[in-house]
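Enquirer: Given next are the chains, with one letter for each unit.
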Amino acid sequence: MLLKDNIKKLMDNFEEGDALALSEIKDECQNIIQQFAGDPLHEVLGSVPAYIQICARIPSIQTQCVELVKKIITGVEEYQQANEEDKKKALKQIKRQVNKLQSIVEKNNKDLTTLPKPQEQQKEEAKGYTLEDFSHLVDDYKLLQQFFSEATEHLDSAQFVLLELEHDSTNKELINTVFRNFHTIKGSASFLGVKNIEEISHAMEDIFATIRDGKMILTRELVDVIFYGIETLRTVLDIMQSYDFKAEEIKKSFTTVNVFPYIALLKKILQEYQYKKIGEILQEEGKLTPVQLQTVLEKQKETDKKFGEIVTEERLVEHDDLLAALQKQQKLKTKIKKIGYVKVSNEKLNSLIDYVGELVINQSMLKQEIEKNRGSLSISERTLSQADMITSAIKDLVLSMGMVPIEEIFNKLRVVARNTAQELHKTVFIEVHGEETELDRNVIETIYDPLMHIIRNAIDHGIESPEERVKAGKDKVGRIVLSAEHKGSGIEIVITDDGRGIDIHKVLDKAIAMQLVKKEDVTKLTEKDIYNFMFLPGFSTSDNVTAVSGRGVGLDVVKKSLEQIHGRVEIHSEPGKYTRFIIKLPLTLAIIEGFVTIVGNNKYVFPFNSIEEILVFNKNILQRQENARESILYHREMHIPVIFAHEIFKEDYKERDDDRLLSLIFAFDQAKYCVVVDSILGKQEIVVKSLGTMLNEYDYFSGGTIFGDGSIGFVVDLQGFIDAVK
Amino acid sequence: MDGSANKYLIFTLEKERYAIPIAKVQEVISYVPITSLHEASEFLKGVINLRGRIIPIIDMRLKFGLQAKEYTERTIFIIVDIVTAKDVYHVGLVVDAVQDVVEIAEDKIEKTPEVGFKFKSKYLQGIIQLQDTMVMILNFDSILATEDVVEIAEKIETNV
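Heads up: the sequence lines are chains A and B, in that order.
Yeah, the first sequence ends on 727 if you go by our numbering, and it's all consecutive.
Yeah, the second sequence ends on 1359 if you go by our numbering, and it's all consecutive.
No wet-lab data here; the hints were simulated from the structure.
Take every hint as true, because none was put in to throw you off.
Below, a sample of chain B positions facing chain A; criterion: calculated Cβ distance under 7 Å:
1. THR1234
2. VAL1246
3. ASN1248
4. GLY1251
5. ILE1253
Taking lysine to any residue pairs in the SDA-like style, the calculated list, with each CA pair at most 25 Å apart, reads:
6. LYS349(A) / ALA1222(B)
7. LYS1223(B) / LEU353(A)
8. LYS349(A) / ASP1280(B)
9. LYS413(A) / TYR229(A)
10. LYS1223(B) / SER352(A)
11. LYS655(A) / GLU1241(B)
12. LYS684(A) / ILE1247(B)
13. LYS396(A) / ILE1247(B)
14. LYS651(A) / ILE1247(B)
15. LYS560(A) / VAL1287(B)
16. LYS1268(B) / SER712(A)
17. LYS1206(B) / PHE1339(B)
18. LYS651(A) / ALA1267(B)
19. LYS373(A) / ILE1233(B)
20. LYS560(A) / ILE583(A)
21. LYS727(A) / ILE583(A)
22. LYS368(A) / ILE1233(B)
23. LYS651(A) / GLY1245(B)
24. LYS427(A) / THR220(A)
25. LYS620(A) / ILE666(A)
Fair warning: this is a prediction, and the values are worked out from it, not measured in the lab.
All C-beta atoms in this analysis are idealised placements derived from N, C-alpha and C, irrespective of residue type, glycine included.
Chain B with its partners taken away, still in its complex shape (with noise of 0.2 Å):
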């Protein structure tokens, strides 16, 4: 490990933080109406034209099977890179809050546990402390890569 740093986002869903690195990050917007697509899956929100681009929302909270909460002129949507196989394309996330960026040496990540994580651990990239709170890093291509709202960890172990 050399220990480089990557630069990452901070955003906020409820209480809970997360952090996604930087360089999928195209650009962050304030809330523009959105055209709503029906029959779409609960989170996918609808489209939004982003100067001349359609680019599809999806409600983080809803897709982490959260609370909605409606939106307003502060509402944020982030607009990031997803790298398919096929092609590159924008999804914008809504999320309650932008933080910080922050730079996060590779070698601070720890690996999540295996337990006691509110979502699988395909999820997550990892955990870090930040100011003394726990920050979640999202692995975003598999969040995004399933159809449904992201699978609990809890709900499972409770069957079990």
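Just chain A, same shape as in the assembly (with noise of 0.2 Å):
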């Protein structure tokens, strides 16, 4: 009974799009399932929580499943308290809704219907797996939690090839990719009993080499359809993972997963499309005439030339699309090159970069001792020098390792944009551009999280409709473009979409409601100022909630999580041409190019790549407004603030005889600054160590450092100190 107060009060709750809640919702209806093993309403139920499953991608009927489920369940309760003469009826009444359900999900699971539906063997093995067939399941942690990774990266690289391959569908090399990634899935599981696995890649597999003897053509629709699979594998890996690997436990659960319909559509997809031929395919596409397509047949009967070729010599092709289909095929051949790869675990990785940062440190102690005591001590010069040099090809060799190109992210975010075009029916084209740029792995692990939000707002609010974009006069598909590049001193990513556009009116009336600023305040706003309303937790323009935003979390959650690793975001935008999304982020949290200087009694690092030059000038030439607190220095035609460090750092000032002042000038978001120190120590790599949580609240340090001689240095961080003056 308690079971069914739970699962109410779940239902009562629930709102649509909440996919978490659905998944609870589907775990008490099995438990309720369970409880009616051997009577008649365990079959008849038996399929419930699968179509609770199905409809949370689908968010449009939510609701409406949910009502159904409500329904199936007071049946339930009926069926339990009714006498034997009475259960008959409360029983069909449960199979009728079962069976509404059943045709709202199939109605609405579009990437199942868009395909012919193996109606008869689906009845057939619809009952799912029972735990024999998991009996040869291993039971050892460490080959499934190796089994796991190792699968979750070839769906991963499965994934990517097969974005490719939407633009490329006849690119052999890359249908192989994925050919031999569900071979090694299918090989593993089969070795470890991962029977539902098995049977799914197996199929997979057989599709991709039927595909890879030119015997069937990847379709989009088909693209779709092992995207499906592909994320259905990952929903069989997810449950191995959650049950932390107990094989006892993930067995019970691998039963109550029915993937038999799913295996059934591709050996359906693989009888009817068998055998139809590259050409035919063209063909129906439009791309070649029955005519065309007659001589290029027989041509090929002629000679042993490949399709393709005949296709080219026939000038049926344009050649600067062969031209840039070729080079396309180039740039992946020598991204697929293979080197061999060790894993390591991140944890590891971390303590490795950190101990590499302490043998830096004390290598260069070790230097300065033994360079004071250079009389008493017989080390030859050479020891020394090699074991330098040593250290630092360790350093560097370390920390390369902790970069990682950025382009593992940027194909997550392009399978992201084309689940969520595919959500809302838009046609988004992803462009990108820089993702060989490399960047921290701490770094990397952070911003993908944000990335996503940008992306899926991008399609959900920025791009319009086919219909509205045609009528705006632009493209029907939307394009986003999506950058990294180095700049400065860190990396700046940026996504751009060429959607509608922030309407600035709607935020600021938005800003006012919300009393965030008074109306008559709001000419005073810089379209910065306003920009960053949005950033504010629960803040959202959208006027109605979609299952993919509109809720006012995210942009808050975005900037929050952008802040940990230092970095920062900024909105541009024109409305109707485009809203940016600009990303600065530290090239890493671990080394940097610093300008080390003294300033009071410590030792403060300014990032080196600021620095436009070094100014020593007499003070008398400062010219200070009346009333104000800073002082202007006109340099180079430029009008550039002076800021004392020390004023900063709450150091001692100490008053230089010549009254001269030595400075630094620093170029920073598009402004100069020019910032007096009292010495200089010069350019030095500096290893930025964590300052600890107790620290955070000096928002102008980035970091601290620790110098060859032990002292303690403190990193500055350029934006921070900025706003501190400000």
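Starting from the two chains in their separate frames, assemble the complex, guided by the hints.
Expert: Encoded structure:
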């Protein structure tokens, strides 16, 4: 009884789009079903959890489905209390509701309905797996865990290659890669006795073998089906992980996941599409006329030439198109080039980086000490400099190990974009630049979620529906440009969509409504100020809540997670034209080129890349406005504000005898700043260390560092520094 | 209660004795020069270099609102682990002296009385009698979570 109270509560509180609640409802449902093992009700209810699972992906029918499940549960209660005679009636009633649920789910489940549904086989096999099917499941935590990460990797790879295949669907190299991915998964799964994964990947492998042999063409619809399968595999893998790779529990859970309909679907596809040739498909798509096709095929019989070669010879395909395709292929070939990899846990790598940092510091301490006692020690110069060299080589190597190209994230984002676009019935083209840009892996880990959020936002709010776009004179297909590049001492990631842009008035109205700003103060706000409202918690200008976004949680989370890694985000937009998110990130959290200065009693390190020049000037040339706290320096035909570092760092200020000031000129955020310091020690590679949560309130420090002599310096974060001045 | 015993490190400030669970203590070191941080809160004295790691130093006297004391070669730093939701970091505590490591059975620890105590009870995990004197067992996470000097209950009582 308790169980039913639970599920009822869940359903009463259900909100559209809450996939988590749905999965809880599904679990509860499963629990209830288990109670009726042996009862006729068990069979009737058997497929309900699967429908709930599917409907988690289709927000629009969720409320409807939950209502039906509610009715089913009430029916179950009636059934329990009924006497033998009424039981049959109640059972019928429940059956009717389940059928209703089934029809709604199936009607809306596009992934499955776009292709012919193998009705008969489905009925035959719909009962799912039994515990016996998994009797060979290896009960070994390590092996299963390894399999999990290996399979996940292969799925990632397959997913990415499939994206490429969508534009280049006959590329054999790519098809082979996907084939190998599924082949490997199948092999490991069969070895470990993970039967469901084995069978799905087997079916996938068959499909790709057929495609590889040219007997089938990879259509968009088929890619959709494969994507769906990959998601299913992921779900199964997630089950393994969520049960902590304990074989017994995994087995139990596996029996509730019915993958047979999907496998059957793949088999059906294989049968139906098996014998179509590339030429036929080309003809279907209107790229070749029937007559052209016939000629090509006849030519093929006469020579040994491939279909593609003949097509080009006959000038049926544009030369430029072919060239572009070839270049793409070449690029991918180099990408696929195999290098042996060894997997190391993040934790180990991080502590390795830490230790190497300490080693570098120790090395230079050692050097200084030896130098001091040169006379009394008999260490040869050569030994010392060699040790020096080795240390620095290790340091470079280890630091490079900590860097990963952003490509991995970009690829994942393309998948996200694709899925989101499909969910919202929009077509979006993603253009990616600079995917080879390398970032600290700790940064990479944090950056994915915010980027995903921005992409989903862009597709949901930015990109208009195809009809709207055509009306506005834009290309029907929305365009999102995702790029990464080195800029200054950091990395800039830019996401631009060519959608409707941000309506600044709407933002303002909302800000006024939320009492963030008074109506009369509006004119004082800069464009940047107004966009910044959007980063506040609970701020959403979207009129309607969709499954994707519009709940007002989002941009504030984006900003917060970026701040965690010292990143910043800006918005630029032009109504009707574009919205652009610019994310600025530090290159690495571990090491920077620093410029070491002394202010008061401490050493302060400024980022070297932002320094324009070092300037010594007489303090009498400073111009100070009346009542103003800051002075202005007129230098190279520019008015530059002068900041005394002592004031910011609360250090003692020592007046110099000669009235001269030593300063650094910084270029930052399109402005220049002149920072006065006491003395300059020079440029140095700085290992940035965290100052710990305790010192986080010092926004103008990005961390601390330890010098060769063991002394500590503070690394200045320019944005924080400038903010502190303001 | 199974009467399981845990080890505690006892340190002194003025005449009072305090205990912290030894599991939280990473190490005890003697005085090393502090790189001072200006504008820090009063009790946050600065940072030290502990084998290549930067560790903030908190003066427990100042944190508890006691009279400051000059640092000497005999000043002691206790390096403790602070576990937050995000990560584990280290903090050094300046205390007068470290006395002893003792085993304290969990069921011997008394709850702190609501009134009559120097500190608000939320900063104390409990009290215990050891060698005829009272030892206060500190609730570290809540003490270091407060940004300010630890409030002293007496002050509040006199106001009532």
